[in-house]
Amino acid sequence: MDRRPNGEDGSRVKRQKTSATDMDPKANPYLAHMYQDDAPSSNGYANGYSSNSRQKTSALAKFSRHASTSVLAQAAEDGPNNPFTGQQLSQQYFNILKTRRNLPVHVQRDEFLQMYQKSQILVFVGETGSGKTTQIPQFILFDDLPHFQNKMVACTQPRRVAAMSVAQRVAQEMDVPLGEEVGYSIRFEDKTSSKTMLKYMTDGMLLREAMNDHDLTRYSTIILDEAHERTLATDILMGLLKEVALRRPDLKIVIMSATLDAQKFQRYFNDAPLLAVPGRTHPVEIFYTPEPERDYVEAALRTVLQIHATEPEGDILLFLTGEEEIEDACRKISLEADELIREADAGPMKVYPLYGTLPPAQQQRIFEPAPPPRTKDGRPGRKVIVSTNIAETSLTIDGIVYVVDPGFSKQKVYNPRIRVESLLVSPISKASAQQRAGRAGRTRPGKCFRLYTEAAFKKELIEQTYPEILRSNLASTVLELKKLGIDDLVHFDLMDPPAPETLMRALEELNYLACLDDEGELTHLGRLASEFPLDPALAVMLISSPEFYCSNEILSLTALLSVPQLFVRPASARKRADEMKDLFAHPDGDHLTMLNVYHAFKAPEAQNNPKQWCHDHFLSYRALQQADNVRLQLKRIMEREELELMSTPFEDKKYYENIRRALVSGFFMQVAKRDGSGKTYVTVKDEQNVLLHPSTVLGQDSEWVVYNEFVLTTKNYIRTVTAVKPEWLLDIAPTYYDLDTFKKGEVKTALTRTVEKMRRREAIKGGRK
Amino acid sequence: MAAEEEDDYMTFTVTDPQPTTKETSIQRRARLKREAEARSRPKPLSERLTDSAAARDAALSTSLDTSNKGFQMMAKLGYKAGATLGKSSDARAEPLGVVVKEDRGGIGLDSERKRKFREEVEGEAKRVKAEEGDYRERLRVEREEKRMEGQVVGAMKVAERLAGEGTEENGEQRESEQREEKAAEGEEHEATAGVKKKEPEHKPLKSVNVLWRGLLRHQLERERERRMRYDLHQSLSRLPTYEDPDEDEDDKRALGKDKTAVYEEELEEEDPELEAFNALPVAQRLEKLVRHLRNTHHYCFWCKYQYSDADMEGCPGITEEDHD
Numbered sequence: 001m002d003r004r005p006n007g008e009d010g011s012r013v014k015r016q017k018t019s020a021t022d023m024d025p026k027a028n029p030y031l032a033h034m035y036q037d038d039a040p041s042s043n044g045y046a047n048g049y050s051s052n053s054r055q056k057t058s059a060l061a062k063f064s065r066h067a068s069t070s071v072l073a074q075a076a077e078d079g080p081n082n083p084f085t086g087q088q089l090s091q092q093y094f095n096i097l098k099t100r101r102n103l104p105v106h107v108q109r110d111e112f113l114q115m116y117q118k119s120q121i122l123v124f125v126g127e128t129g130s131g132k133t134t135q136i137p138q139f140i141l142f143d144d145l146p147h148f149q150n151k152m153v154a155c156t157q158p159r160r161v162a163a164m165s166v167a168q169r170v171a172q173e174m175d176v177p178l179g180e181e182v183g184y185s186i187r188f189e190d191k192t193s194s195k196t197m198l199k200y201m202t203d204g205m206l207l208r209e210a211m212n213d214h215d216l217t218r219y220s221t222i223i224l225d226e227a228h229e230r231t232l233a234t235d236i237l238m239g240l241l242k243e244v245a246l247r248r249p250d251l252k253i254v255i256m257s258a259t260l261d262a263q264k265f266q267r268y269f270n271d272a273p274l275l276a277v278p279g280r281t282h283p284v285e286i287f288y289t290p291e292p293e294r295d296y297v298e299a300a301l302r303t304v305l306q307i308h309a310t311e312p313e314g315d316i317l318l319f320l321t322g323e324e325e326i327e328d329a330c331r332k333i334s335l336e337a338d339e340l341i342r343e344a345d346a347g348p349m350k351v352y353p354l355y356g357t358l359p360p361a362q363q364q365r366i367f368e369p370a371p372p373p374r375t376k377d378g379r380p381g382r383k384v385i386v387s388t389n390i391a392e393t394s395l396t397i398d399g400i401v402y403v404v405d406p407g408f409s410k411q412k413v414y415n416p417r418i419r420v421e422s423l424l425v426s427p428i429s430k431a432s433a434q435q436r437a438g439r440a441g442r443t444r445p446g447k448c449f450r451l452y453t454e455a456a457f458k459k460e461l462i463e464q465t466y467p468e469i470l471r472s473n474l475a476s477t478v479l480e481l482k483k484l485g486i487d488d489l490v491h492f493d494l495m496d497p498p499a500p501e502t503l504m505r506a507l508e509e510l511n512y513l514a515c516l517d518d519e520g521e522l523t524h525l526g527r528l529a530s531e532f533p534l535d536p537a538l539a540v541m542l543i544s545s546p547e548f549y550c551s552n553e554i555l556s557l558t559a560l561l562s563v564p565q566l567f568v569r570p571a572s573a574r575k576r577a578d579e580m581k582d583l584f585a586h587p588d589g590d591h592l593t594m595l596n597v598y599h600a601f602k603a604p605e606a607q608n609n610p611k612q613w614c615h616d617h618f619l620s621y622r623a624l625q626q627a628d629n630v631r632l633q634l635k636r637i638m639e640r641e642e643l644e645l646m647s648t649p650f651e652d653k654k655y656y657e658n659i660r661r662a663l664v665s666g667f668f669m670q671v672a673k674r675d676g677s678g679k680t681y682v683t684v685k686d687e688q689n690v691l692l693h694p695s696t697v698l699g700q701d702s703e704w705v706v707y708n709e710f711v712l713t714t715k716n717y718i719r720t721v722t723a724v725k726p727e728w729l730l731d732i733a734p735t736y737y738d739l740d741t742f743k744k745g746e747v748k749t750a751l752t753r754t755v756e757k758m759r760r761r762e763a764i765k766g767g768r769k
Numbered sequence: 001m002a003a004e005e006e007d008d009y010m011t012f013t014v015t016d017p018q019p020t021t022k023e024t025s026i027q028r029r030a031r032l033k034r035e036a037e038a039r040s041r042p043k044p045l046s047e048r049l050t051d052s053a054a055a056r057d058a059a060l061s062t063s064l065d066t067s068n069k070g071f072q073m074m075a076k077l078g079y080k081a082g083a084t085l086g087k088s089s090d091a092r093a094e095p096l097g098v099v100v101k102e103d104r105g106g107i108g109l110d111s112e113r114k115r116k117f118r119e120e121v122e123g124e125a126k127r128v129k130a131e132e133g134d135y136r137e138r139l140r141v142e143r144e145e146k147r148m149e150g151q152v153v154g155a156m157k158v159a160e161r162l163a164g165e166g167t168e169e170n171g172e173q174r175e176s177e178q179r180e181e182k183a184a185e186g187e188e189h190e191a192t193a194g195v196k197k198k199e200p201e202h203k204p205l206k207s208v209n210v211l212w213r214g215l216l217r218h219q220l221e222r223e224r225e226r227r228m229r230y231d232l233h234q235s236l237s238r239l240p241t242y243e244d245p246d247e248d249e250d251d252k253r254a255l256g257k258d259k260t261a262v263y264e265e266e267l268e269e270e271d272p273e274l275e276a277f278n279a280l281p282v283a284q285r286l287e288k289l290v291r292h293l294r295n296t297h298h299y300c301f302w303c304k305y306q307y308s309d310a311d312m313e314g315c316p317g318i319t320e321e322d323h324d
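Protein chains in written order, with full-length UniProt numbering: chain A, 1 to 769; chain B, 1 to 324.
In isolation and in its complexed conformation, chain B is listed as follows:
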C-alpha cells in the first residue's frame, strides 16, 4: 500500500517546517504571502481590549503572597497569612473588588436580565417534561443547550491547551498498530501546522482523553472538508479524482494535487468511548470537563484562571451560578 511506503516520513513532527513533499517555489511564495498577511494584520481593538481586561481580571483575582516584603514586615508583628487586621471580628479579609461600569444601564438592569434568563432556564427544566409538545419551551431549552454546548467546546479547548502544556513528552509512547492512522493524520497536520503548534508529537486520536477528543476529531473532520473543497476549487470545479490528461506530474505538484485525500481511516473508525461520552447530556459533559480542569490543572473555567494550588483560593465555587 502506498500508505505503508510513506510511513517513515509521516512520523515527522507536525511542526517540522520541512514539508513531507517539497513545496514548489510557487507554493512557497503563496504560503509566505499568506503568513505575512496574517502577521501584519494588527489585532483588532476589541481583541486588544479584551486582552487587557482579562489581564486585569487575572491580576485582580491573584492575592499578594507571602513573598511580599510587606507580608514579611507584618509577620514580624505577629500577622499570620489568612488572618484579618485590627481587633474587630468582622474585619475584611479580601480587598474590595473593582467593577468598571461599561454602559449607562440603571441599577438592577444587569441582574434583571440575568434573573429573566435564569428563570427561563429553570422554568424550562421543570416544564419540559410536563409539556413535551410545547414548541416555545423546546426552543428555549435548545437555546440554553446551545449555549452550554459552546461552553463545552470552550472547556475542551482549555483542557487541550493545558494538557499540551503539561505533557508534551508523552507523545513518544506510540503503538505500532495505530501507525496508519497517524500517517493519515500527519498528512492533515501539515496543512494545519499553524494550528497544532503546541503538539509537536502527534498522538493518535484514541490516546487523547475522551473529554476533549471530540474537539480534535471535529477539527480533523473540518480539515478534511476544507481540503476537499480546496481541491475542488483548485481543480476548477472538477472532482479531485478527475485526471486531466494534459497534466503531467509537475503540473500536479504545482497545483498541490499530488496530496490526494487519504485521511479517512481514523475518522471513519468507530469510537465507542467518544460516542458514549457524547451521548451524555450537555450539562453533564460540561461538568465533567470543569471538574477535570479543576482537579488536574487547578484551573477554574468560570474564573478563567489557573490557580497556583489545589485550594484555589478566591474561586467562589464549582458551578457557573457560584460565579454570578
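The following block holds chain A by itself, in its conformation from the complex:
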C-alpha cells in the first residue's frame, strides 16, 4: 500500500543505493579505532617514537596498571618532563599544578584510587567546586594508562559547551595541545586525534558511538559526569553500561554526580561503592517570604533593588525563566537602580543578562568585575546577573553573595496524548532550589532569598526535577536503542522508565515513518535514518529528498532546522527586523523563507562580509555559520550512504513544489487544516485547535500546512509552517492518511473530497489514453 519507495507518476526516481548494512566497516569513522593496526602510518605515534619506545622513556614506565598510588602519580606529575608526551613541562603547567593540588578532590586521591581499582562500577559524589570534572579523569589516566592498551578514557558531559571548555582546561592542565592527548567530541564537531587518551564528549555522542560499537571497545574507562542532571542520553547510557559491564569485565565505569540522590545511583548499579568529596562552600542563609507572591517577576525586581539598597558588598544572581523575561528585567533593574543612585546615594550597579542563546562574547561579560565606587569613599558597586537556570549548575560565577530565587524555570514537557513537546514555565524542584542557594556561598557566606513561603517550599516543590526521559518524545531514542541492539524495549532496565504511552507513541511514529516494521524491527529506512544525528522525521525527509529531486535544498533546510533561531528581532528594532525578514519571505511558508535566507547568505554578495551582512539583515551570523557546519557534516553522511545530491533547476516551476513535497515525506504527522471559520487551524488526528505563530510569513489563505513545532502557551501555536496540498498527503503518506483511521469531522470530510477529486482526475486521464 505504501507507494513511497517507487511512485508511479514518474516524477521521482528510486533511490540508487539500497543497502547500507554491507558498508565496509573500515569506512565507518565510529569504528576507526578497530582498524588502527592496518594503517600504522596514521596512528599519530609516527613522529619519532612508537608507543612502545615511549613506554620505556616515560615516567610512567614503572607504573603497573590498576595498582598505582597517589605518591607515584604525583611524582610523575612533578616533572620535569610530561609523563604522557615526554616533552619538557612549561612554567604555566607548574602554576596550575599548584592550584590543582588545592582542590578538595586532591585530598582523597588515594581513597579514590583504591576504590577505583577494586570495583568495576563506582559512584562518585562531589559538589560543584570540588574539582571532580577536571581532576578525576586525570587521576584515572595515571592509573588506567589507557594509551598502553590502545584505548581511551571517556568523560561525558550533558552540554556541548561544557565538553569543549573542560577539555580546553584539562589540556592546559596537562600541558598538551587541545585535540591531541586531550580532545573533545560533540555533535557535528570532533576534535580528537589518534593520540587522544582522554576524550570529553557529550553523552549523546557516546551513545552514537555505541550504536556502531555495542561494547564501546575503544574505551578502558567511561565516566558519566553530571549524572544527577539525568539527561535523556545519560539515562540511556546508564541502562546500556549496566549491560556492557557484564559483557566487558575489563571496562571500568565511574558515575559522577553532585551530592543529591546519590543512593539512587548506587541502588541502580547493584549497590556499587560510593565515594563522597565535600565541596568547598560557605554557609548560605535562606530567607522565605511570609506570603505567596502575586507576581514573581515584580517581586524579584523589588528584592534585587532592596538588596542593593540595604545589603553590604557582594554580587547578586537572579534566576528568571527566559530570554524575554530576562531582557525585560535587566532594563527595569537598570532604570530603577539609576534612580536609587540619584535619590538614595546607592552604589553603582551593572546588570548582565545570561541565557543559552546569548552570543558567547556577551556571555563572557558576566565575568567582568563589579563596577568601582563612584567616589573614593563612595558605596561599593555591585554586579547583578539575571540568568536562566544555566547558572544553576553549568556556569560558576565567583563573587556571587546574594541569590534571588522566584522558584520557576522553563522546562521541557512532552505529552504523548497530544504529541506536544514544549518549553513551559514550571516550578523547580527542591534539589534545584538547593543548587540555586548554593551559588551564593562560593566565595564567602551568602544569602538566598526565596520568593515563596517555607510551607510552599516543603509542600509544592517536588523532590527532584523529573529526568528528561519522562519529559521527551522518545522517537529518536527508540531508534537509537534499536540500533544499540536492544530489542526488548518494554523491559529495558532504565532508572526511571517513562510512561508506557510515551513508548507507544514513539513506536507508532516510527512505524508510520517506515523506520520500524509492524514487528518492531528496524527497516532499511530506519537503519539509514539512525545514521543521521537527527530526529527521525528530519532524517526520513532528508533520505527521501532525492526522490523529489531536491536533496541539496532539503539538506540545507535540515541544517537550518537543526540550529537555533535564524531571525534576530531585538526589542529596539522590531519593525526594521520584520521588514528585513520580508525581503526573504516566500508566500508558501517559513521553510522556504529560511531556504531563501540561506541561499542569500551563500551568495557572493553576502560572503564578502558575512558578519556585516547578517547584522544588516537582522540574521544570526552564529546560527547561519552553525547551519553551514551542520550541513557539511550531514552531507558527508549522505555521501557515505550514497544518497544522491541533486536539485530541480531553479527555473523549473516545480522547484518549490518539489521541496514542499519532500517536506511532507517527513512531516506528514505534523499537519494542520484551517478551520472552516477562518483564523484557527486544527491539527490532523489529534484535533487540537491551534493558531499560526505570529512570526510566520504565511498568509491566512492556506488550507493545509505542515508545521515544525507545536508551541504550548496560553494559546496553542504552530511555528515554522509551510502550505501543502492534501493530494500530497494522501499520495506520500497513504498509511497515515488511511481515511478509515480518521474520526468523523471536517478533516475527514475534506480528505474524502480530495480522494474523490483525485479519482475523477485519474479516470479522465485513463479515459484519454
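It cannot be assumed that every hint is accurate.
[Said to hold, decoys possible] Each computed EDC-like pair below joins lysine to aspartate or glutamate, with the alpha-carbon atoms no more than 16 Å apart: (1) B:114 with A:291; (2) B:76 with A:518; (3) B:101 with A:460; (4) A:151 with A:213; (5) A:332 with A:295; (6) A:483 with A:215; (7) A:715 with B:57; (8) A:743 with B:65.
These are computed hints drawn from the structure, not numbers from a lab.
Keeping the supplied structure of chain A fixed, place chain B upon it in accordance with the hints.
Same frame as chain A, now just chain B:
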C-alpha cells in the same frame, strides 16, 4: 375550549421549521435578520480560547488505547495494558501532566487561595450551627451555596444534554391526559425553537427526570416572562389583554398578538416530586446529579469529560476535592 381545538398542530415537533401559525413577511424578515445577526457574530476570542483549552484538556486526559499501533508492537514484547515499563517497581504508569502557567503568580499562590477558600467553607459548616446569628458566617455559607447552586445548574444542563443525546426516540410514548400541557408547552417552544433543538419531541415536564426537571421548568417560566414582557412592549405599554378597537385581525397577526398567553397550566400545576427534590440541601442535590452523570453516562462533572467505559480510568474520584 380553544386549547382543545388547537390540539392537533400543537403536537408538531418543536424543531419543525413550519410555525403553527403562518408568519407574515414582516415577522419572517425580522426573524431572519435576527438569526443572521446571531450567525454572523463571531465567537468572542475568550470563548474560542476556552474551546481550545477544553479540547486540549480532554485530549490530555484520554489515554492511548490498544488500537494504537505502538501498543500492538509492545504487546509482541509481552507488554500488557496497564503494566509499566522497565524493571523497577515504581515506574510511571501515566505521562506527566501539562500545566500551562497563565500568570506570574508566585509558587504557592494558587494553593494559598484555594486553602483560604476551603478553610472558609469548612469553618463555616462547623460554626454555622453554633453561632446561628453570626451575620458574616451566614454570608459566607450563602456565598458557597450560591456557588454550588451554580454548579447544580451546570450539572443539570449536562444531564439534560446527555439524556437528549441518548434517548431521543423515547419521546413517542406520551400519555393523553397530558396533552393539554403539551399543547401549552408546544406553543412556548415555538418561540424558543432555537434553544430546544436537541429535543425534537417535546416531553411533558413530569416525564423528565426530576434531577434536571427544575431546569426545564425554570426555562419555561423565564420564557413565559419574556413573552409577557415582549407582548407588553409590542403593544406599546398596554396590557396584552387590552383590545385596541382600531386593530383588526391582520394587525393583530402582524404584531404577533394573536398568540395570546396560554402557557400557564403546566407551570401552575403542583409538582410534589420536584418540590421534594428542591427541598434537599444543595450539596445533596449536586451529589445526586454528579452520581447520576457518572452512573448513566460515565461522565465526570469535575473532569468535564465523558469516559468511554464504566471504569472511568483517569478520573481521580467522585468529589470536587478529589479533582483539586
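Between residue 715 of chain A and residue 57 of chain B, does the CA-CA distance stay at or below 16 Å?
Distance ~13 Å between residue 715 of chain A and residue 57 of chain B Cα, so the pair holds.
Restraint check for residue 101 of chain B with residue 460 of chain A, where alpha carbons must lie at most 16 Å apart:
holds, 15 Å
Please verify whether residue 483 of chain A and residue 215 of chain A have alpha carbons no more than 16 Å apart.
holds, 13 Å
Holds or violated: residue 151 of chain A to residue 213 of chain A, with C-alpha atoms at most 16 Å apart:
holds, 14 Å
Holds or violated: are the alpha carbons of residue 743 of chain A and residue 65 of chain B at most 16 Å from each other?
Roughly 15 Å between the alpha carbons, so the hint for residue 743 of chain A and residue 65 of chain B holds.
Starting from residue 332 of chain A, check that the Cα of residue 295 of chain A is at most 16 Å away, please.
holds, 15 Å
Are the Cα atoms of residue 76 of chain B and residue 518 of chain A separated by 16 Å or less?
holds, 10 Å
Has the given pair, residue 114 of chain B with residue 291 of chain A, been kept, meaning a C-alpha gap of at most 16 Å?
holds, 14 Å
Every hint, counting from the list given before, is met by this structure.
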